[in-house]
Amino acid sequence: MNTLIAISGLGILSLLAEIFNARKAIVPVTIIGLLAILGFNISTYNHLGAYYNNMMITDKFSVAFSSLFIVITIFLVALSHEFYKDQKTKISDYVGIKVFLLAGTVAMVSFGNLSMFFLGIEVLSISLYILAASNRLNLKSNEAGMKYFLMGSFASGIILFGICLIYGATGSFDLNTILLVISTQAYPQWYFIGIIFLLIGMLFKIATVPFHFWAPDVYEGSPALTTATMSSLAKIVAMATLYKLVMALLPVQMYSFQLIIVCVAIASMVLGNIMALRQNNVKRMFAFSGISHAGFMVSTLLLMSNAANTLLYYASAYAVAGVAFFAVVMYVTKDKENETIDSFNGFGKSHPLLAGILTASLLSMAGIPILSGFFAKFFLLNQLVHTGWLVLVIVAIISSIISVGYYFKIILAMYTKDSEHTLPKVPVMYQIVAVVALILNIALGLFPNVVLNLLG
Amino acid sequence: MNNILVQIGIENYIFLCVVLFCIGIFGVLYRRNAIIMFMSIEIMLNAVNLLFVAFSTFHQDAQGQVFVFFSMAVAAAEVAVGLAILVSIFRNSSSIDIDNLKNLKG
Chain E
405 MNTLIAISGL GILSLLAEIF NARKAIVPVT IIGLLAILGF NISTYNHLGA YYNNMMITDK
465 FSVAFSSLFI VITIFLVALS HEFYKDQKTK ISDYVGIKVF LLAGTVAMVS FGNLSMFFLG
525 IEVLSISLYI LAASNRLNLK SNEAGMKYFL MGSFASGIIL FGICLIYGAT GSFDLNTILL
585 VISTQAYPQW YFIGIIFLLI GMLFKIATVP FHFWAPDVYE GSPALTTATM SSLAKIVAMA
645 TLYKLVMALL PVQMYSFQLI IVCVAIASMV LGNIMALRQN NVKRMFAFSG ISHAGFMVST
705 LLLMSNAANT LLYYASAYAV AGVAFFAVVM YVTKDKENET IDSFNGFGKS HPLLAGILTA
765 SLLSMAGIPI LSGFFAKFFL LNQLVHTGWL VLVIVAIISS IISVGYYFKI ILAMYTKDSE
825 HTLPKVPVMY QIVAVVALIL NIALGLFPNV VLNLLG
Chain A
2 MNNILVQIGI ENYIFLCVVL FCIGIFGVLY RRNAIIMFMS IEIMLNAVNL LFVAFSTFHQ
62 DAQGQVFVFF SMAVAAAEVA VGLAILVSIF RNSSSIDIDN LKNLKG
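Going line by line, the protein sequences match chains E and A.
Position in the first sequence counted from 1, then plus 404, gives you our numbering.
Position in the second sequence counted from 1, then plus 1, gives you our numbering.
Keep in mind the hints are simulated off the structure, nothing from the lab.
Please read these numbers as outputs of a predicted model, since none were measured by experiment.
Be a bit skeptical, because a hint or two may be false.
To be verified - FRET-style restraints, in silico, Cβ to Cβ: (1) F71(A) with I774(E): 45 to 53 Å; (2) I446(E) with F16(A): 44 to 52 Å; (3) Y31(A) with L794(E): 35 to 43 Å; (4) F91(A) with I600(E): 35 to 43 Å; (5) Y449(E) with N34(A): 47 to 55 Å; (6) L420(E) with D100(A): 40 to 48 Å; (7) V839(E) with F91(A): 40 to 48 Å; (8) P614(E) with N34(A): 23 to 31 Å.
We put the beta carbon where it would ideally sit given N, CA and C, even for glycine.
My request is simple: use the sequences and hints to build the entire structure.
Encoded structure:
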């Protein structure tokens, strides 16, 4: 709870800094503040509690996931200073919106009441609409913002309808009361319709097939830093929330529900990977790769034991690789009309360090050992075998083999082709973020037990 | 108040709200003017608000009505952002037709 208050305070502080003409201090102060909040948040790991009539519940799940979100936000804020160099006057807005977005994500993973969940998801979405359309002179960015806005508010409407039906069936928004009602009394069947609506709305936000069609357009049109936010932060937040919702509202999973999840997961993995093979734009390719990773993450809903740990590990591996990937992509594609794979030609010779980091993060996402992406897939599939959905495991393995194809397209372009143009000097911050993200990635791969035992 | 609800029946409220919600959904899917799409989204949200109030009376519980305030505030904030995006689209392309937004294709 105090984490949420501190984050909101930090957001207001970064807006106030604009008034007091302290523009240069915004990014460092926000990073230090977020680090302090991260430390505070970790210190609440063993102090569980419910606040404000069960509105917010601090448990191991919420503390672990909100720490992950804070770490990702620190990376994103660190990248902002360089990325918004041309719009220095607006830096406080951008940083402020990112911090408020973090407040929304923390509310989403620690809700104890469906109204808190709804407010959290709306704070997250509205911040992202603004960030997606933030390059206002560029029609592509406007279009991305518009599409994201229409799809996002459509999904919000569906989520709201789901909440309403659950309220109608049980007479409460409180998770504990709902659980009590459905385990003791007879309740109307539209409770399940409500859950399906919630599921549809959340799958929209996570961007899984068949609700994925907005993702490639929005990812391509948005400014690169926003794409990084959407792909690394928003996706795992929505996934963690969906996991918490399903575990809280559906204590006994029916076969039909499992079948829906399996179909969604298989369709996302196959379609995401096959469509990614055809893309020439890096951001668009990453969108489809994100859809296939969403398929992997959705399948954690089928696991009964230890699923939260697996999801946390997969989400951290995916997000950390995504941050390293975007730190390099933002440097390479700066001041370019579009982000084609050709922009990476000869990058391996001119910038061996950044090219190495990009290669490592791509290999992590493809699932090559030592890097955390491999272990994430390994633990997930290892547990999926025990649930009995063998077909899902087989499809997952085949689709991750396909995924190597398009990740290597970038790697080949970097190391085998020659460059036609020279790039400006590498900004220090991009380099630091990329290196730290890669170190985190390898550390996660070498010591998986640190994360895997967090949630007990 | 509860008497009226008993006379009309909660089912009829649910039917009305589902119909309104579907009008909103079809409006978003089939109309191509951005303003009308915004209006359709508002219809969707307001249909849900109506259902919240009906359920709130049905359960004799004030939580549902309080939630309506939250969802109205959120809807207002959302539409403010949407209209701002629309204004910047209009400045760049002098049109608010969604079909003109075809720069992103792959």
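Problem set entry | Which numbered hints fail | none
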